[in-house]
Amino acid sequence: GALVYQYPRRTICKSGTSMRMECQAVGFQATSVAWYRQSPQKTFELIALSTVNSAIKYEQNFTQEKFPISHPNLSFSSMTVLNAYLEDRGLYLCGAVQGNTEVFFGKGTRLTVV
Amino acid sequence: QQKVQQSPESLIVPEGGMASLNCTFSDRNSQYFWWYRQHSGEGPKALMSIFSNGDKKEGRFTAHLNKASLYVSLHIKDSQPSDSALYFCAVSTGGNYKPTFGKGTSLVVHP
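Chains as they are written, first to last, in our numbering: chain A, 1 to 114; chain B, 115 to 225.
What the hints contain is simulated information worked out from the structure, not anything from laboratory work.
Cβ coordinates follow ideal geometry from the N, Cα and C atoms, glycine included.
Check before you lean on any hint, since a few could be wrong.
Some chain A residues flagged as far from chain B (calculated, every beta-carbon gap over 12 Å) [claimed, not checked]:
| hint | residue |
| --- | --- |
| 1 | E65 |
| 2 | P72 |
| 3 | Y85 |
Below, in silico cross-link-like pairs of lysine to aspartate or glutamate (DMTMM-like), each with a Cα-Cα straight-line distance of 20 Å or less [said to hold, decoys possible]:
| hint | chain 1 | residue 1 | chain 2 | residue 2 |
| --- | --- | --- | --- | --- |
| 4 | B | K217 | A | D88 |
| 5 | A | K107 | B | D197 |
| 6 | A | K57 | A | E45 |
| 7 | A | K42 | B | E123 |
| 8 | B | K212 | A | E102 |
| 9 | A | K42 | B | D197 |
| 10 | B | K159 | A | E102 |
| 11 | B | K217 | A | E87 |
| 12 | A | K14 | A | E65 |
| 13 | B | K217 | B | D141 |
| 14 | B | K159 | A | E45 |
| 15 | B | K117 | A | E45 |
| 16 | B | K212 | A | E45 |
| 17 | A | K42 | B | E156 |
| 18 | A | K107 | B | E156 |
| 19 | B | K217 | B | D197 |
| 20 | A | K66 | A | E87 |
| 21 | A | K42 | A | E59 |
| 22 | B | K217 | A | E59 |
Simulated restraints, written as ranges between beta carbons of each label pair [what the hints assert, rightly or not]:
| hint | chain 1 | residue 1 | chain 2 | residue 2 | range |
| --- | --- | --- | --- | --- | --- |
| 23 | A | L82 | B | H224 | 43 to 53 Å |
| 24 | A | E102 | B | D169 | 18 to 28 Å |
| 25 | B | P195 | A | G27 | 21 to 31 Å |
Here chain A stands alone, though its shape is the one from the complex:
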């Protein structure tokens, strides 16, 4: 079956430092990867949609300078949160897209900033 692994599952970083999270699709080829942040209030925000061999499209309020993404192949993507502050805390979800209508989410990386 199709699975998406995210690691680390949770991380704590000091304010102003950076952390990198990874996303691995297993059992299928992900044409795109959507990175979301789920706030403590459970609201989803789309950060960016990354399609292999295309430019990564960031949503309003999210920039490459703050959330650089690497997507080298159809099964792996990583995202870094640079210079993390309190407002960056939340559950970061990777959604690996198969075709245009099926997406499989990982369990997320929970970021706490202290």
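Let chain A serve as the given structure and place chain B on it in line with the hints.
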């Protein structure tokens, strides 16, 4: 910009009862609709997708879509305590997968 609203915010049903979750959207170009379920500590899992007007039934779950009314719903028959979770409606206008999520409905099924 697409607005997706879910109601109710929270719902409590007895075991064996029917749970009805509602979702409205604002963009008439919306084409793809999903219901996701998220248990505590987990990422969301796709429960059902519906792309055509009408009803779609999968086991105890029935999704209903009315694009003209900008409305999609999910009904869970014979609710079980294991159905207790956050349920999200997600809507996309098509093209690249880029759905907008609602804020979720918290469902509690009590034994």
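Here is what the structure says about each hint:
1. With 12 Å as the threshold on Cβ separation, the claim that E65/A sits away from chain B holds: the shortest Cβ distance comes to roughly 21 Å.
2. Listed as a non-interface residue, P72/A keeps its Cβ farther than 12 Å from every Cβ of chain B; the least gap is roughly 19 Å.
3. Non-interface call for Y85/A relative to chain B: holds, since the shortest CB-CB distance, roughly 24 Å, exceeds 12 Å.
4. Restraint check for K217/B and D88/A: satisfied, since their Cα atoms lie roughly 19 Å apart, inside the 20 Å limit.
5. Only pairs whose Cα atoms come within 20 Å are accepted, and K107/A paired with D197/B is accepted, the gap being roughly 18 Å.
6. For the hint pairing K57/A with E45/A, the CA-to-CA distance comes to about 14 Å; that is within 20 Å, so the pair holds.
7. Between K42/A and E123/B the CA atoms are separated by roughly 12 Å; this keeps the pair inside 20 Å, and the hint holds.
8. Our distance criterion of 20 Å between C-alpha atoms is met by K212/B and E102/A, whose separation comes to about 11 Å.
9. For a cut-off of 20 Å, the pair hint linking K42/A to D197/B stands: about 18 Å separates their Cα positions.
10. A threshold of 20 Å between alpha carbons decides the hint, and for K159/B with E102/A the separation of about 11 Å falls inside it, so the pair holds.
11. Note on K217/B and E87/A: the hinted pairing holds, with a Cα-Cα distance of about 19 Å set against a maximum of 20 Å.
12. Between K14/A and E65/A the alpha-carbon distance is near 19 Å, which keeps this suggested pair within the 20 Å criterion.
13. Between K217/B and D141/B the alpha-carbon distance is near 17 Å, which keeps this suggested pair within the 20 Å criterion.
14. At roughly 17 Å between alpha-carbon atoms, K159/B and E45/A fall within 20 Å of each other, so this suggested pair holds.
15. The hinted pair formed by K117/B and E45/A meets the criterion: a straight-line CA distance of about 13 Å does not exceed 20 Å.
16. Only pairs whose Cα atoms come within 20 Å are accepted, and K212/B paired with E45/A is accepted, the gap being roughly 11 Å.
17. At roughly 12 Å between alpha-carbon atoms, K42/A and E156/B fall within 20 Å of each other, so this suggested pair holds.
18. Among the hinted pairs, K107/A with E156/B is consistent with the structure: their alpha-carbon atoms are about 5 Å apart, no more than 20 Å.
19. The straight-line distance between the Cα atoms of K217/B and D197/B is roughly 18 Å, inside the 20 Å bound, and the hint therefore holds.
20. Among the hinted pairs, K66/A with E87/A is consistent with the structure: their alpha-carbon atoms are about 13 Å apart, no more than 20 Å.
21. Between K42/A and E59/A the alpha-carbon distance is near 18 Å, which keeps this suggested pair within the 20 Å criterion.
22. Proximity of K217/B to E59/A is assessed by CA-CA distance (about 18 Å); at most 20 Å being required, the pair is judged to hold.
23. The hinted range of 43 to 53 Å is satisfied by L82/A and H224/B, whose Cβ atoms lie roughly 44 Å apart.
24. Against the hinted window of 18 to 28 Å, the Cβ-Cβ separation of E102/A and D169/B comes to about 21 Å, which satisfies the hint.
25. The given range of 21 to 31 Å is respected by P195/B and G27/A, whose C-beta atoms sit roughly 30 Å from each other.
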